[in-house]
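Peer 1: Letter by letter, the chains look like this.
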Amino acid sequence: MSTSLRDVALIWAIPILLGIALATGLAWLRTSDSTTAVAKTATGPVQRWAKVAVDLPTSQTLFPPGNGADIANAQCLICHSAGMVLRQPPLTQDEWADEINKMRNSFGAPLPPDQVEVLAKYLHSIDGSQSPGGHSVLDGQGS
Amino acid sequence: MQRSIFQPSQSSRRQFLAHVGGIGLGGLLGAPAWDAMAATLAQLPFANGRRERVTNFPQKGAVLLQRTRPPLLETPFEVFDQGVFTPNDRFYVRWHLANIPSVVDPATFRLNIRGHVRHPTSLTLDDLVRKFKPFEIAAVNQCSGNSRGFFNPRVPGGQWANGAMGNARWKGVRLKDVLERADVKAGALQVRFNGLDNGVIPQTPDFMKSLAIDHARDGEVMIAYEMNGEPLPLLNGFPLRLVVPGWYATYWVKMLDDIEVLDKPDDNFWTTKAYLIPDTPFASIVPGQTGVKMVPINRMLPRSFFTNVQDGAVLKVGQTTIVRGIAFGGDTGLAKALFSADSGGRWQEAQLGPDHGKYGFRQWEVPLRLSSPGPHKLMIKALNTAGIAQPDHANWNGAGFMRNVIESVSVQAA
Numbered sequence: 003m004s005t006s007l008r009d010v011a012l013i014w015a016i017p018i019l020l021g022i023a024l025a026t027g028l029a030w031l032r033t034s035d036s037t038t039a040v041a042k043t044a045t046g047p048v049q050r051w052a053k054v055a056v057d058l059p060t061s062q063t064l065f066p067p068g069n070g071a072d073i074a075n076a077q078c079l080i081c082h083s084a085g086m087v088l089r090q091p092p093l094t095q096d097e098w099a100d101e102i103n104k105m106r107n108s109f110g111a112p113l114p115p116d117q118v119e120v121l122a123k124y125l126h127s128i129d130g131s132q133s134p135g136g137h138s139v140l141d142g143q144g145s
Numbered sequence: 017m018q019r020s021i022f023q024p025s026q027s028s029r030r031q032f033l034a035h036v037g038g039i040g041l042g043g044l045l046g047a048p049a050w051d052a053m054a055a056t057l058a059q060l061p062f063a064n065g066r067r068e069r070v071t072n073f074p075q076k077g078a079v080l081l082q083r084t085r086p087p088l089l090e091t092p093f094e095v096f097d098q099g100v101f102t103p104n105d106r107f108y109v110r111w112h113l114a115n116i117p118s119v120v121d122p123a124t125f126r127l128n129i130r131g132h133v134r135h136p137t138s139l140t141l142d143d144l145v146r147k148f149k150p151f152e153i154a155a156v157n158q159c160s161g162n163s164r165g166f167f168n169p170r171v172p173g174g175q176w177a178n179g180a181m182g183n184a185r186w187k188g189v190r191l192k193d194v195l196e197r198a199d200v201k202a203g204a205l206q207v208r209f210n211g212l213d214n215g216v217i218p219q220t221p222d223f224m225k226s227l228a229i230d231h232a233r234d235g236e237v238m239i240a241y242e243m244n245g246e247p248l249p250l251l252n253g254f255p256l257r258l259v260v261p262g263w264y265a266t267y268w269v270k271m272l273d274d275i276e277v278l279d280k281p282d283d284n285f286w287t288t289k290a291y292l293i294p295d296t297p298f299a300s301i302v303p304g305q306t307g308v309k310m311v312p313i314n315r316m317l318p319r320s321f322f323t324n325v326q327d328g329a330v331l332k333v334g335q336t337t338i339v340r341g342i343a344f345g346g347d348t349g350l351a352k353a354l355f356s357a358d359s360g361g362r363w364q365e366a367q368l369g370p371d372h373g374k375y376g377f378r379q380w381e382v383p384l385r386l387s388s389p390g391p392h393k394l395m396i397k398a399l400n401t402a403g404i405a406q407p408d409h410a411n412w413n414g415a416g417f418m419r420n421v422i423e424s425v426s427v428q429a430a
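If you read the protein sequences in the order shown, they are chains V and S.
First residue of the first sequence: 3, per our numbering; consecutive thereafter.
First residue of the second sequence: 17, per our numbering; consecutive thereafter.
No lab work stands behind these hints: they were computed from the structure.
For every residue, glycine included, the Cβ atom is placed at its ideal position computed from N, Cα and C.
Hints may contain errors.
Listed next, the stretches of chain S that the computed footprint assigns to chain V, with coverage defined by at least 3 CB atoms under 8 Å from CB atoms of chain V [said to hold, decoys possible]:
1. 73-79
2. 85-97
3. 120-130
4. 172-178
5. 213-224
For lysine-lysine, the following BS3-like pairs were computed, each having C-alpha atoms within a straight-line distance of at most 27 Å [claimed, not checked]:
6. LYS53/V <-> LYS187/S
7. LYS309/S <-> LYS104/V
8. LYS201/S <-> LYS280/S
9. LYS53/V <-> LYS147/S
10. LYS289/S <-> LYS104/V
With the rest of the complex left out, here is chain V (with noise of 0.2 Å):
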């Protein structure tokens, strides 16, 4: 290589790796900004704006065996699992079917309506109740 081409590579390459310096410092400057900011505020809520992610337990209860079990299954746990269904008071087969069509009317739950009827016979069938009987006396409200 001769002194002049040599010379024209130098004067080239100096901007070049100025510019790399530079874009390279630039990046380090801006990620140690964003370090210095966390640190100065370490006992501010700032440095804990950290990504949360979690895992969520899932559930593998079923419903137990019974004519309508089916259904519970694959209809009910679609949207919540079974577990607070199994936890409550006994309820009449009428005010199982409330529930149910409060399911399919206010939260849309796909369920046909021919299969209330069956559903409703099985959760009370398992809900501990004693007597099919009684006059209802819920509100039916969506909570």
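Given chain V's structure and the hints, the job is docking chain S onto it.
Peer 2: Same frame as chain V, but now just chain S:
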């Protein structure tokens, strides 16, 4: 009199670390083995009240499992004996809809304020921390259906004992200040709040709640980014939760990311069809009563509890025992906690612990000396600064909301 038992609140960080230690041990044993070891049973005092104590929910210690998905977790009642601030890792959890984000990235999270405003605004978490004056308040968060399991006749819904409540120091910004930034237009009626959670199927109404515009701008309703000095656990609403001091928790929207100012009444399902109460004193009706005007649930009622004696406790005759508990005034401060050792015949004022603000729990205590052997019924009654006292008879409504009857425990002196 014995030395006061009023205790400072326990460090939730210490409990958190203990929990992390548990996870580490779980890693060694294998998660199922650990779960089996940690899962013990609790019996809530009503039919079908057996509940598992579980430790497998993220950022949570031992809590009572009401439902896995979407999570309903109850605070074991002994936690309330440990201080007036409920540790974050024991704080109860209640979600309506199972599509809950399991990842929240503060880098991309935005809180939007829109609707009937001049300047629709999108805020980062750092904006909230840096551009607004911080606001802090101690307040009880109580599920509308707390204590539903005690309703008689029983009603469907989450079958909670008394642990669907907690008290925390909430830190964040006033909703009023955030609304001002967006410049609410004249004619605004309500403000509607929505969080990141959704139903599993699109037909399920998104969970949203509204407050009247004047309530939203009262300077107490706030957006919390900290709970007891730490970011909120995800299950309690990370990164932001609406705090509505004195009002039932249904309004305290979790994972709050959308605030919409409305110029007409909110007609969404959760406001108009759910969380309605009879418009009667203590929201109480006779079971089966019909034709009652229903209104959205709102202000909390006064309550008080025993935390260091339970039904069946045996106390030594002639010996002084410190009986203690917690109380709160509901939508206003607690004036008095009144104690009776004779089934409500005579009442004496309990000594109250430090006041951390009118919306929070306060501890109460009385020295009790039973001189005659046999059964004794102890009672505790809160009276708030508006003159409302807990009722002698349990209030009742079909949704199982707002129970606040005087609490009692039956003990034996021997």
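Peer 1: Can you tell me if the region 213-224 of chain S counts as covered by chain V, using C-beta to C-beta distances under 8 Å and a minimum of three residues?
Peer 2: holds (count 7)
Peer 1: Hey, LYS53/V versus LYS147/S, does the alpha-carbon distance stay inside 27 Å?
Peer 2: This hinted pair holds, its Cα atoms lying about 21 Å apart.
Peer 1: Three residues or more, CB to CB closer than 8 Å: is that satisfied between the region 172-178 of chain S and chain V?
Peer 2: Contact hint for the region 172-178 of chain S vs chain V: holds, 4 residues under 8 Å.
Peer 1: Straight-line Cα separation of LYS53/V and LYS187/S no greater than 27 Å?
Peer 2: holds, 19 Å
Peer 1: Does LYS280/S sit within 27 Å of LYS201/S, going by the straight-line distance between their CA atoms?
Peer 2: holds, 13 Å
Peer 1: Given the hint that LYS289/S pairs with LYS104/V, test it: the Cα-Cα distance must not exceed 27 Å.
Peer 2: holds, 11 Å
Peer 1: Mind checking, does the region 85-97 of chain S have 3 or more residues with a CB under 8 Å from chain V?
Peer 2: That given contact holds, which follows from 4 residues of the region 85-97 of chain S lying within Cβ reach (below 8 Å) of chain V.
Peer 1: Verify the proposed pairing of LYS309/S with LYS104/V, using a straight-line Cα cut of 27 Å.
Peer 2: holds, 20 Å
Peer 1: Examine the region 73-79 of chain S: at least three residues should have C-beta closer than 8 Å to a C-beta of chain V.
Peer 2: holds (count 3)
Peer 1: Are there three or more residues in the region 120-130 of chain S whose C-beta lies closer than 8 Å to some C-beta of chain V?
Peer 2: holds (count 4)
Checked against the numbered hints above, the structure violates none of them.
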